[in-house]
Amino acid sequence: MDKEELINGYFEGSLSQNQLEEVERLLITDSEFASEFGFQKELQVSLKKEERQEIKAMFSDIADKDSASETKVFQLRPWLAAASIALLVGLGSWFLLFNNPDLNTNELYAANFKPYDNVIHPIERGNQLEDLKTRAFTAYENEEYPEALILFQELQSKQNDAYIDFYSAMVLMQLNKQEEAIPLLEGYIEQEGELKDRASWYLALAYLKKEDLDSCKKELKTLVEKNEFKARAAENLLEQLN
Amino acid sequence: MTDEQLIAQLKKRDRNALKSVYLNYKTEFFKFMSRYNAKNDVLEDIFQDALIVLYENAQSGKLDALKSTVKTYLFGIGKFMLFKHFRDSKREVPTEETYLFDQYEQAVIEDVYEDEGPNDYQKQMAASFKKLGDKCREILELFYLQGMKLGEITVRQGYDNKDVAKSQKSRCLKSLKQLIGKKDG
Chain A
1 MDKEELINGY
11 FEGSLSQNQL
21 EEVERLLITD
31 SEFASEFGFQ
41 KELQVSLKKE
51 ERQEIKAMFS
61 DIADKDSASE
71 TKVFQLRPWL
81 AAASIALLVG
91 LGSWFLLFNN
101 PDLNTNELYA
111 ANFKPYDNVI
121 HPIERGNQLE
131 DLKTRAFTAY
141 ENEEYPEALI
151 LFQELQSKQN
161 DAYIDFYSAM
171 VLMQLNKQEE
181 AIPLLEGYIE
191 QEGELKDRAS
201 WYLALAYLKK
211 EDLDSCKKEL
221 KTLVEKNEFK
231 ARAAENLLEQ
241 LN
Chain B
1 MTDEQLIAQL
11 KKRDRNALKS
21 VYLNYKTEFF
31 KFMSRYNAKN
41 DVLEDIFQDA
51 LIVLYENAQS
61 GKLDALKSTV
71 KTYLFGIGKF
81 MLFKHFRDSK
91 REVPTEETYL
101 FDQYEQAVIE
111 DVYEDEGPND
121 YQKQMAASFK
131 KLGDKCREIL
141 ELFYLQGMKL
151 GEITVRQGYD
161 NKDVAKSQKS
171 RCLKSLKQLI
181 GKKDG
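Just so you know, the protein sequences line up as chains A and B, in that order.
Residue numbers for the first sequence follow UniProt numbering, so the first one is 1 and each next one is one higher.
Residue numbers for the second sequence follow UniProt numbering, so the first one is 1 and each next one is one higher.
Some clues are possibly wrong.
[Said to hold, decoys possible] Pairs of lysine to aspartate or glutamate, EDC-like flavour, derived with a Cα cap of 20 Å:
1) B:K11 / A:E235
2) B:K26 / A:E235
3) B:K182 / A:E36
4) B:K135 / A:D64
5) B:K62 / A:E51
[Said to hold, decoys possible] Interface residues of chain B toward chain A, partial, derived using beta-carbon atoms under 10 Å:
6) L6
7) R13
8) K19
9) Q48
10) Y55
11) A107
12) D115
13) Y121
14) K123
15) L140
16) K149
17) V155
Treat the hints as calculated values from the structure; they're not laboratory data.
Note that the structure is a prediction, hence the values are computed from the model and not measured.
In this text, a Cβ means the ideal position worked out from N, Cα and C, and glycines have one as well.
Take these sequences, add in the hints, and give me the full structure.
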């Protein structure tokens with residue numbers, strides 16, 4: 001078993017007692033091994049801590065929204081609490097019945113929207129070649145969206161590649177211009193662009209943000225049927241919308 | 001959602017499922033813990049930590065053969081943590097408490113309880129990680145976060161064989177190192 005396999009086995013928890021002892025020995029005697037092992041261990045810890053922080057942020061969001069109303073409700077006398085629950089249920093169904101394109105589309109949108117990674121033009125940082133395409137995608141990766149929008153438009157006028165529409169749409173959505181993103185995404189899907197499934201997902205989200213729930217659901221259903229990119233997320237979202 | 005369905009969703013790292021656990025059990029958790037006279041902000045912290053333990057232990061398969069309900073398990077973690085908190089602040093606690101956690105589960109509880117957030121290097125590592133492509137992030141998360149074996153990843157991600165998965169993972173680690181290196185320079 002080579003050293004890489006020893007490290008992999010360690011993380012998989014599949015090493016025998018002898019192999020574990022070998023790891024311990026190498027950690028002391030082989031500095032290259034120790035540094036590689038340390039890097040991977042640190043990566044694991046970093047990923048874990050990052051995820052924990054993200055989850056806590058999600059909880060704190062909910063807690064903040066709840067806390068104001070909650071403390072008051074619990075101090076009410078029981079009969080009053082019962083009455084207010086009845087009232088709330090009543091109001092709730094009123095909202096459901098008459099006001100459906102509804103209160104939480106923004107929240108659902110925010111929970112699901114994350115601009116798609118740059119998979120078209122990997123940027124070698126430090127590269128001298130600062131052509132238009134590089135500048136556009138650099139701005140995109142650095143989340144400088146107004147700048148990216150201008151550059152993508154310039155790029156579009158010079159070379160007519162379909163992916164530019166896709167990324168322009170990402171930028172527009174990021175700038176809250178779903179209205180303008182929708183035709184770009186639709187066009188891109190029609191042209192059978194390589195990232196077509198991705199485009200469907202974002203199209204669904206753009207409709208969601210615009211509260212056009214019928215169109216949103218239609219796109220989501222396509223994704224679920226294809227059962228590839230974001231199929232599960234689409235299914236979840238559909239459930240929440242229904 | 002039944003407990004089995006919930007556990008299955010948590011294993012897939014479905015955060016919405018975790019959110020629903022938070023919403024479903026929060027009031028009850030606070031009520032259950034009210035007998036111990038802890039402050040609300042302490043309870044909120046502990047409840048959140050307990051949910052993270054639930055999430056992580058579900059992923060490592062510790063809940064596959066769960067003998068109690070998810071609720072009992074979750075509240076047990078909360079109680080364990082609260083007593084630890086009391087002991088740390090020199091408050092007396094009943095000593096006869098018994099828990100069903102094995103050594104591994106207990107280690108996770110303590111790890112989450114003690115976790116004070118990432119240090120600067122870990123933050124930088126996580127930020128660089130986010131710059132990797134989809135494929136790299138997927139394989140590294142499956143391996144380091146979800147504890148999947150390379151063989152399992154090969155099947156799940158449709159790699160030709162284990163060696164392909166292995167060298168893909170190694171390439172991704174290299175890219176990550178480069179990203180981190182560039183930030184330093």
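How the hints compare with the structure:
1. B:K11 / A:E235: Satisfied, since the Cα-Cα distance of roughly 17 Å is no more than 20 Å.
2. B:K26 / A:E235: violated, 26 Å
3. B:K182 / A:E36: Answer holds: K182 of chain B to E36 of chain A is near 18 Å, not above 20 Å.
4. B:K135 / A:D64: violated, 35 Å
5. B:K62 / A:E51: holds, 19 Å
6. L6: violated, 14 Å
7. R13: Holds. Min distance 8 Å.
8. K19: It holds, given that the least Cβ distance between K19 of chain B and chain A is near 6 Å, below 10 Å.
9. Q48: It holds, given that the least Cβ distance between Q48 of chain B and chain A is near 5 Å, below 10 Å.
10. Y55: holds, 7 Å
11. A107: It is violated, given that the least Cβ distance between A107 of chain B and chain A is near 13 Å, above 10 Å.
12. D115: holds, 6 Å
13. Y121: holds, 7 Å
14. K123: The hint holds - K123 of chain B has a Cβ within 10 Å of chain A, the shortest such distance being about 8 Å.
15. L140: holds, 7 Å
16. K149: holds, 5 Å
17. V155: violated, 14 Å
Of the hints listed earlier, those the structure fails to meet are numbers 2, 4, 6, 11, 17, in rising order.
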